[in-house]
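Take these sequences, add in the hints, and give me the full structure.
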Amino acid sequence: MPPVAESSLEVRADFPIFSRRFGGRPLIYLDSAATSQKPEVVIAALADHLRNHNANVHRGVYALAQEADAAFDHARARIAAFTGARQMQTIFAKNVTEAINLVAYSWGRANVGPGDAVLITEMEHHANIVPWQVLCRERDASLRYLKVDERGELSIEQLESELARGDVRLLAFAHVSNVLGTINPVAEMTARARAAGAVSLVDGAQAVPQMPVDVEALGADFYGWTGHKALGPTGIGVLHARSEILEQMQPFLTGGDMISSVDFQSATWNELPSKFEAGTPMIAEAVGLASAVDYLSALDMTRVRAHERALTAYMLERLSEVPGLRVVGPPEADGRGGLASFTIEGMHPHDVAELADRGGVCIRAGHHCAQPLMRCLGVGATARASVGVYNEAADIDALVHALLAGREVFELDNP
Amino acid sequence: MDDLYRDYILEHYKRPRNFGELEPRDLEALEHNPLCGDELGVHIRVKDGRIEDLRFHGHGCAISQAAASIASEELKGMELQNVGELDADWMIELLGIPVSATRRKCALLNLKVVRGAVTGDDSWPTGSA
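These protein sequence lines are chains A and B, in that order. The first sequence maps to residues 1 to 415 in the working numbering. The second sequence maps to residues 1001 to 1129 in the working numbering.
Any given hint might turn out to be false.
To be verified - Not close to chain A: a few residues of chain B, all C-beta gaps over 10 Å, as computed:
#1 Val1046
#2 Gly1049
#3 Gly1116
Unchecked claim - Pulled a few chain A residues facing chain B out of the computed Cβ check, cut under 10 Å:
#4 His350
#5 Asp351
#6 Glu354
#7 Leu355
#8 Phe410
Unchecked claim - Far from chain B, some chain A residues (derived; all Cβ distances over 10 Å):
#9 Arg51
#10 Glu188
#11 Ser274
If you are wondering where the hints come from, they were derived from the structure by calculation, not from laboratory data. All C-beta atoms in this analysis are idealised placements derived from N, C-alpha and C, irrespective of residue type, glycine included.
Written out as structure tokens, the structure is:
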């Protein structure tokens, strides 16, 4: 058995959902890459805001509205501090998808033109592919891809040669792949992009929940992440961006709150970050997310990463006991986030997930919103098990047990 | 025995009937299951207004593959004008297993592709009853 260093943070009791039973069995949740479960403190913070401090923000003069204003501003400050956004702006969006669309529409339409290129990678989530496809088609620009090698990694040499062509306006890539788990060398990639005169955007959806992230040290011009994968509520995502770029950009969505003044034919824009937050913002969600990042900070993100690395190492080791199982992505836990995507010979991933559920284990199956990557891997779909702060080695044992039992249902031989 | 993965379901999954390509063919269609990236295509040869022969091809889960295999045996010889009348209940009854909401698209993918090939209408919804 491999060493199981800090395989448990012993926080499961903080998450009320784990007191539920499914068919008499406890919940074994290995789908945190899709969404995380929520600790009681987050649920309580959301409820407390709605019960005691709810009013619309901005422009209210009564005491309750001032409480809501203070709660919202305080939430933004805590969220910005969590990811090291000191100089960078912290803008709220619905999720990473909307954050990327904001950049594609507001920055992309003004800065990418005929003959230009947008450079992304084969391991991107559809959220970091489709907005660039639409932009490039509209602006007659080209969309190029960095390849994923057999270890599930990108090549800095290929990045250099692509940038050397001199037409790349934007480099966009995932911090951590939601399928391969690959942790990309973000600081090195953004530095090379900047040296080549390209702007960089990083999709941090899978990174922020599980490792220390300092967006300024990483050097991206845009860094997006989402609240619901980081123990927070759905409906709130975050876009960190450099002020000097945002100042140059036109708004994405327009309407209330994002204006400075409006007359019959025209309007002027509010200051940052309000310029990019049209309409009533996600107030309660921001309060909930701030509570989530406080919770993660108290756990210490370095410990969270060590825990997820140890569990992932254990998972890779134990999955190798299942006959016919092939894990995609980096072979060692050091280079990957807390997940493993895999196929089992003779079983479709949907059936694998269905049979895992027979053993009370929640995993995901499908293309994980990464169909181009599936094509590169030569598979239609994979099953994916992903861990969070509340998982323990016993959850991995239950997964392996369920997979072996599933093979028996399919009349496949086990050792 | 497992409720869903019954003997005959696994038997059809592992040894599907009427899988492959058909040459020459009169009708064909290809459909994707957008949830999982699976794809299923059908080739149909027509004689005297009936399905003389058909073959499925593609890849998918045990439920979608078994459904296609089981349905293929019923579809051979069927009058084309009756194919448009086949509904979700027909397929699910034929399959003979409890199909959850999430697996419904898997079970109905083959009927969607066959209906598309015969009627030219690929908008048949598999998501709800």
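* Violating hint indices (sorted, rising) -> none
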